[in-house]
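A.B. asks: Sequence lines, in order, name chains Y and R.
Under the working numbering, the letters of the first sequence match residues 1 to 445, in that order.
Under the working numbering, the letters of the second sequence match residues 1 to 171, in that order.
Don't read these hints as lab results, they were simulated from the structure.
There may be inaccurate statements among the hints.
What the hints assert, rightly or not - In silico EDC-like links for lysine to aspartate or glutamate, alpha-carbon gap of 16 angstroms or less: (1) Y:Lys338 x R:Asp64; (2) Y:Lys188 x R:Asp158; (3) Y:Lys114 x Y:Asp70; (4) Y:Lys188 x Y:Asp70; (5) Y:Lys188 x R:Asp71; (6) R:Lys48 x Y:Asp70; (7) Y:Lys188 x R:Glu76; (8) Y:Lys331 x R:Asp64.
Note that the structure is predicted; figures quoted are calculated from it, not measured.
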Amino acid sequence: MDATQKYSVIDPTTGKIDRRIFSDQAIYDQEMERIFGRAWLMIGHESLVPEVNDFFHTYMGEDPVILTRDRQGELHALLNMCRHRGNRVVRCDDGNATRFMCTYHGWSYGNDGKLEHVPGTSEAYYDALDKPSLGLVQARVETYAGIVFATWAEDAPSLEAFLGDARWYLDTVFNRRDGGMQALGPMKWLEPVNWKTMVDNCSDNYHVPTTHLSSARVQTRYLGRPPLSHKDQFESPNKHVFVNGHSITFREAPDNTPRYVHGISKDTFPLFLAYHEATLPEVERRLGAFRARHVQLGNHSIFPNGVLGFRLALPRGPLQTEFWHFVLLEKGAPEALKRAIRIGSQANNGAAGLFEQDDVDNWRQVTAASKSRLGRRISQDLSMGLGHAGPHPEYPGVVSERYISENNQRLFYQRWEEFMNAESWAEIPIAPITARFEGTATIRG
Amino acid sequence: MNVTARQALWLELMPFYIHEAWLLDERRFKEWLDLFTDDVLYFMPRRKNVLRREAHREVTPLGDLSLIEDDRRYLEMRVARLDTGMAWGEDPPSRTRHLIGNLVAEPLSKGEVKAKTAFLVYRSHLETDHQLLAGSREDVLRRVNGAWKIAKRTILLDANVLLDKNLSIFL
Chain Y
1 MDATQKYSVI DPTTGKIDRR IFSDQAIYDQ EMERIFGRAW LMIGHESLVP EVNDFFHTYM
61 GEDPVILTRD RQGELHALLN MCRHRGNRVV RCDDGNATRF MCTYHGWSYG NDGKLEHVPG
121 TSEAYYDALD KPSLGLVQAR VETYAGIVFA TWAEDAPSLE AFLGDARWYL DTVFNRRDGG
181 MQALGPMKWL EPVNWKTMVD NCSDNYHVPT THLSSARVQT RYLGRPPLSH KDQFESPNKH
241 VFVNGHSITF REAPDNTPRY VHGISKDTFP LFLAYHEATL PEVERRLGAF RARHVQLGNH
301 SIFPNGVLGF RLALPRGPLQ TEFWHFVLLE KGAPEALKRA IRIGSQANNG AAGLFEQDDV
361 DNWRQVTAAS KSRLGRRISQ DLSMGLGHAG PHPEYPGVVS ERYISENNQR LFYQRWEEFM
421 NAESWAEIPI APITARFEGT ATIRG
Chain R
1 MNVTARQALW LELMPFYIHE AWLLDERRFK EWLDLFTDDV LYFMPRRKNV LRREAHREVT
61 PLGDLSLIED DRRYLEMRVA RLDTGMAWGE DPPSRTRHLI GNLVAEPLSK GEVKAKTAFL
121 VYRSHLETDH QLLAGSREDV LRRVNGAWKI AKRTILLDAN VLLDKNLSIF L
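Same shape as in the complex, but just chain Y (with noise of 0.2 angstroms):
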């Protein structure tokens, strides 16, 4: 496809998608140009470069970067590619470090990305080089947090109106101590799977009691976790909503119940429980009674690539994703609590997680449909509810009638038609932030 056609690969009055989308190399690119160029990606937490000098190494799209934390204190996202040849002048997974050495020839450069030190300067180059022009290619960077996003896009809007109304929901499970949030990880792992049918997933509760009934029966046998059926699903309250770009599911939590989903079992419940009574002081002086008391985040993704949270779909060509796994716990919570959720969140997500691994045949073989001649001509249907999601008069965002909806899903692919089809940040729409953010947590925590 040019650049100047149009995508419309989502009817959004039949839900039928254009399966192309999950395999073609020529779209895959563009997506890399227009989504992972453009939009605020989630490229890592403040606490894993805590200290001076910390870095971490990561990924914007399929582009490597040094997440650095330089000797002022500030935060950096560069571009890992030296600015002669184009090698890597970081190779670990983190470290700390003042300067990184490229390996070819030596051109060094500050963990604030300047150019320092390049051999032969008069003797090779004659003082003829042009240092200044030639530090580490830098991307914006911004907090929601502690949890760091980046941006190749200079007209790029701030992150707090990328996040908009979706940080209504996100602040429930990432912004609720005032001491902040650690994160552990990634594990990593290379899925034969497109990038965005992990990210899709995420609203797809419907898969739920099918895909992972086999988990989810021992662990109602094992420890005690609530029994899963579709009867649960469908009469569930809780809710399905699309905020800004953003994919939310929430729970409408009745009042005193613990506020996660891993980890939670017969025996850790009073674990959960005694933290969420010896917390909801603060947590209502920070979010306000009605979010403390009421709103549960549950699975969602932020656009274009987070993954449950603080979870990344790296893309690795149409047919591929890497898997980048983390889990964040709150600072100020007991050593019993954290192993628990830590346990909990890697038991059953992650690459040997007990729900997880059942996940990714399913959507390789999505993406493997949308390549043979006869499949790719048949088009996905996201028909589910449709017509049946609008405005709410408590909650921020467009809100599906029922839990169980594919609602979320159409406007995540037509939020990717939107970013597909613009021609600069100017043509993509931000709504507005309506929401009351009760209480004193603001985007930087």
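Once you have looked at the hints, place chain R on chain Y.
C.D. replies: What follows is chain R alone, placed relative to chain Y:
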């Protein structure tokens, strides 16, 4: 020929590991579970790229995010779910081949033994998916009612980014 105590231990343990490999490759997972103690820790840390001088940071410690950190209950859940008929990641099941070798065994205190082995595990799944997983196991073994049982297993994969679509098999 006289056999030293260390050699006798080796001769006793190598068949234990060969037996275990056949149990896994023949999908006799309930019998395989019987090889573990009730207080087992089945642990697979992450493996990071760090500089040679920081080799102590290469393997993530217990308490950090790991690939697997199972107690007996979680191991039993992994096995029990296979029989539900709905464990889709392993239904149809993987075809595996566990090659276990390079055994080094040494006695610890209280009758326990440390046994280190290397493995090459081939996994074939569905039509064309296949993967070779290489790594090491470091086990702590203990005799329970006269039979060796694994009280702690630390599995170190020789991979940073896993190339397999999931880890739904046992190592």
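A.B. asks: Each hint needs a verdict: does it hold in this structure or not?
C.D. replies: Hint check results:
1. For the hint linking lysine 338 (chain Y) to aspartate 64 (chain R), the alpha-carbon distance of about 10 angstroms falls within 16 angstroms, and the restraint holds.
2. Distance check on the hinted pair: lysine 188 (chain Y) and aspartate 158 (chain R) sit about 13 angstroms apart at the alpha-carbon level, within 16 angstroms; holds.
3. Between lysine 114 (chain Y) and aspartate 70 (chain Y) the CA atoms are separated by roughly 11 angstroms; this keeps the pair inside 16 angstroms, and the hint holds.
4. At roughly 26 angstroms between alpha-carbon atoms, lysine 188 (chain Y) and aspartate 70 (chain Y) are farther apart than 16 angstroms, so this suggested pair is violated.
5. The straight-line distance between the Cα atoms of lysine 188 (chain Y) and aspartate 71 (chain R) is roughly 23 angstroms, outside the 16 angstroms bound, and the hint therefore fails.
6. At most 16 angstroms may separate the alpha-carbon atoms for a hinted pair to count; lysine 48 (chain R) and aspartate 70 (chain Y) exceed this at roughly 22 angstroms.
7. This hinted pair does not check out: lysine 188 (chain Y) and glutamate 76 (chain R) have alpha carbons roughly 25 angstroms apart, beyond 16 angstroms.
8. For the proposed pair lysine 331 (chain Y) and aspartate 64 (chain R), the alpha carbon gap of about 14 angstroms is at most 16 angstroms, so the pair holds.
When each numbered hint is compared with the structure, violations occur for hints 4, 5, 6 and 7.
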